[in-house]
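**Q** Below are the chains, spelled out letter by letter.
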Amino acid sequence: MTEVMNEEIHTEEKGKSLKDILTEAEGLECPVQRLGYVIEEFIAGPMCGKCFPCALGTAEARMRINRISSRDSGADASDISVLKRIGLRMMEGSLCKKGKDTGNYIIACLAASGDEFMDHVKGRCFKKQCLSLVVFHIEPELCTVCGKCLEVCRDNAILGEPGSTFLSGYLPFEIRQKRCSRCGACLAVCPSGAISANALEQEITGSKSCF
Amino acid sequence: MENMVKLQIDGRDVESPAGINIIEAARLGGIHVPNLCYLRGMKGIGACRLCLVEVEGLKAPVIACNTNVREGMVIRTNTERVSEIRKFVIELILSMHPLDCMTCTKAGICNLQKYAYDFGIKESTFLRKKFGYPADETNPFIKRDPEYCIMCGRCVRVCREQGTKVLDFMGRGIDTKVVTALDRPLQESGCTFCGSCVDVCPVNALLEADRWRKGREWEYERIASVCLMCGGSCDITASIHDGMVCKISAGATEGSSERFVCAYGRFGFDALVSGSRITVPMKRIDGELRETTWEDALEIVAGKLKEAGDQAGFVSVANLMNEDALTLKRLAVDAVKTPHFDTTLSLYADSSSFLESQTAAVDDTDLFLLVGINPCQWKRVLPALDSSLRRRVNRGAGLIVINSSETGIAGIATVNIKGNEASVLKGIVKALFGKGLKGDKKLRDMSDGAEITAEVETAATLIQKARNPLILSSPSLFGASLNVALLKGKAVAVGFEANSRGTALMGLATDGKTYKEMVSGGMKVLYAIGEVPLAKRPDSGFLVVQNAYKTELAQQADIVLPSAATLESSGTVVDSFGRMKHLSCVTVPFGESRVHRDIFISLSGIMGTAIKKPGAAEIKRAVRVRQKLTASPFEKRDDINILPDSISEDINSSVIISSRLAWLRESAKVQAV
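Line order of the protein sequences matches chains D and B. Under the working numbering, the first residue of the first sequence is numbered 1, with each subsequent residue one higher. Under the working numbering, the first residue of the second sequence is numbered 1, with each subsequent residue one higher.
A portion of the hints provided could be inaccurate.
Partial pick of chain D residues on the chain B-facing surface, computed with a CB cut under 8 Å [to be verified]:
#1 G49
#2 K50
#3 P53
#4 G57
#5 R89
FYI, nobody ran anything at the bench for these hints, they're computed from the structure. In this text, all values refer to a predicted model and were calculated from it rather than measured experimentally. Glycine residues also receive a C-beta, built at the ideal position from the N, C-alpha and C atoms.
Can you build the whole structure from these sequences, using the hints too?
**A** Written out as structure tokens, the structure is:
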């Protein structure tokens with residue numbers, strides 16, 4: 001068994017190692033995003049994909065994380081329990097250490113931030129990194145109708161006409177939520193900080209007037 | 001003797017040979033360890049993780065396919081921990097597998113289905129995954145449907161091990177796909193259509209192309225038989241449904257390197273019910289062949305034979321079964337009283353070499369010497385020998401190729417000696433004497449003056465060190481090969497027809513004219529049995545053809561007797577390695593055709609000399625011939641130096657042109673253009 005393991009570790013060691021990926025993932029605050037990133041990078045990089053629990057398990061985990069981090073995907077608590085099952089079985093059943101470690105990471109992640117995963121299932125990402133679960137909103141009082149957001153919005157989701165601030169009669173910009181893909185481009189260019197991202201749930205209860 | 005170890009599996013005390021893996025040990029104890037990717041005889045790769053078992057004293061479960069048994073091991077194969085992993089894996093596979101067991105052809109022998117049932121998995125809890133890969137259905141032999149593939153890699157490994165190397169993995173993880181080079185159809189990728197991959201596929205991803213709606217696996221009756229198309233005499237298992245052959249698969253023991261059937265043996269069974277079969281006896285009236293009755297036809301033949309007496313001659317192929325061969329000899333000697341009876345064997349061998357040929361087991365051999373033969377799976381020249389040698393070499397055996405021309409198999413040889421075979425063997429014998437091996441003085445004298453090149457020296461060292469060397473010799477070089485075996489190892493003459501050795505042992509070798517002499521003309525009555533390689537009617541007074549297929553020769557005969565084809569009669573053959581193999585009757589003879597030996601017995605009955613149907617004891621006695629082996633001159637018999645290439649094509653041409661095998665030639669033509 002050790003022979004097989006060594007061989008595989010040897011041949012597949014290119015690009016990022018699992019350790020690099022885990023370190024990089026620390027930069028992500030949202031645990032769902034972090035886990036998603038680790039799984040995605042693991043599949044793309046160090047995974048050898050020869051033994052079934054790891055090769056098929058990670059693919060299933062990736063699909064489940066996508067469900068958890070997306071709006072209207074029908075995600076529920078079973079997605080989390082499936083993730084947990086995948087983690088446990090990978091820990092025990094995988095051929096090599098990489099697979100076992102990844103399984104271990106899934107378990108650790110769920111154990112440390114189980115509540116946040118549950119929040120996601122309910123449609124909220126308070127770390128505002130699961131963009132599908134985030135709502136962008138323009139604060140009317142702060143908007144200067146400069147039009148910079150209009151220029152960068154690739155979804156044509158911003159409603160309004162750019163104008164000069166000293167002229168009255170212009171309405172503040174609004175975001176058409178159905179079009180918004182939550183790419184965050186407007187957030188980056190807004191000079192007055194009028195655009196904010198909020199977790200879905202908060203937005204709906206907070207300022208319904210926006211819709 | 002092998003070392004035995006005692007261990008405990010699931011509370012049962014099991015005694016097993018040391019050095020085997022846990023799956024095999026458990027099997028000996030009657031316990032099945034689930035597995036999807038394990039292949040008997042090959043090293044376990046541990047991909048499917050179904051065979052994980054718990055060993056007392058070890059923290060983590062270990063894979064049973066690649067963990068050898070040790071004395072005192074306490075193994076549990078069915079704990080909750082490993083069951084959970086198994087269920088997990090099966091559920092994951094099911095989530096990406098088409099769930100159409102109700103119409104799936106492999107239902108019944110599908111391992112995935114079996115385990116889903118065993119573990120009680122009604123449906124997968126995982127998300128459904130679809131790929132949409134197209135199936136390769138461009139050849140009439142093997143259908144490849146990647147949609148069903150579970151990526152166990154059995155096909156890839158079996159193809160690689162036998163040296164064809166057509167299939168390989170593409171991609172990683174869930175995107176893995178088993179492909180040919182550049183994902184081309186099989187016929188464009190060097191595939192020989194042997195179907196070894198079909199035999200090992202645990203699911204419906206690889207399948208015989210014509211099997212759809214031809215009976216379910218559990219409706220088949222499986223009958224063990226032997227393929228008689230070439231000198232390989234491969235064991236086969238025929239699956240019968242409604243009296244029809246539906247599938248033929250390799251029949252040798254699982255894990256044996258001889259578990260192989262080539263495309264001819266596996267897919268040639270279409271010919272059994274094709275239009276080219278002769279269904280009724282025929283006689284020539286006014287220059288035309290007309291249907292007649294058996295009574296009439298036999299009466300005429302018996303009359304002609306009686307009239308001709310020792311002017312009658314019998315020519316036969318050497319893939320007759322022992323019983324047929326023995327009856328034929330009795331018919332010729334006792335009833336017709338002619339010394340002229342011979343087989344195609346005489347074209348390539350001296351029948352005495354088969355009497356001296358020794359018995360050997362391929363799987364116990366650790367060094368092969370291939371003398372003067374050029375087996376090739378791609379050209380289907382002794383393909384089973386080629387594949388089994390490649391497998392044995394891949395499993396660690398040595399191979400010395402001695403041939404005067406280029407051979408394909410030399411690519412995997414430990415030592416390849418190109419040169420006159422007889423003088424190379426002479427050199428080897430001299431070198432072996434030099435290494436202190438004891439032997440006949442006469443042999444020592446004969447080997448004097450031989451040249452010992454560096455290669456010969458290496459070969460001799462290998463032979464000296466080997467445990468069980470085996471010399472596979474062309475019949476034309478058997479005498480010289482046997483000289484080496486007199487010092488060490490065993491020598492076997494490789495027959496080019498399925499029962500070369502058996503026919504020789506049954507004594508079906510002429511006392512009068514040889515095959516060549518008889519077919520060149522001059523016989524009053526010539527009686528041709530089987531598909532003898534003749535296209536033109538020999539210049540003889542009266543020609544009787546007894547064959548299963550309408551050959552060119554049959555069309556020119558005076559009387560045509562329909563005989564049962566292979567798979568339609570039972571009997572025994574003796575393969576090149578000296579093993580007696582039993583053939584079971586798989587289907588009833590087609591139309592009015594009769595078994596060879598019955599025809600011979602009827603004929604002799606009409607002629608007034610009753611001959612007996614040979615019993616099993618007689619066959620056994622005939623096979624048990626023991627010759628005293630003596631040194632013979634180092635020479636190559638040029639008079640019988642016919643290559644197996646042509647002979648195997650010739651004696652099978654009817655089967656090839658009247659089954660889907662014809663497609664192979666068409667396809668080869670297209671590829672060439």
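**Q** Now look at each hint and say whether the structure bears it out.
**A** Right, here's what the structure says about each hint:
1. G49: Result: holds, 3 Å to nearest chain B Cβ.
2. K50: 5 Å, holds
3. P53: For D:P53, the interface hint holds, since the closest Cβ of chain B sits about 6 Å away, which is under 8 Å.
4. G57: 6 Å, holds
5. R89: Holds - the Cβ of D:R89 comes within 8 Å of chain B, reaching about 4 Å at its closest.
Checked against the numbered hints listed earlier, the structure breaks none of them; every hint is satisfied.
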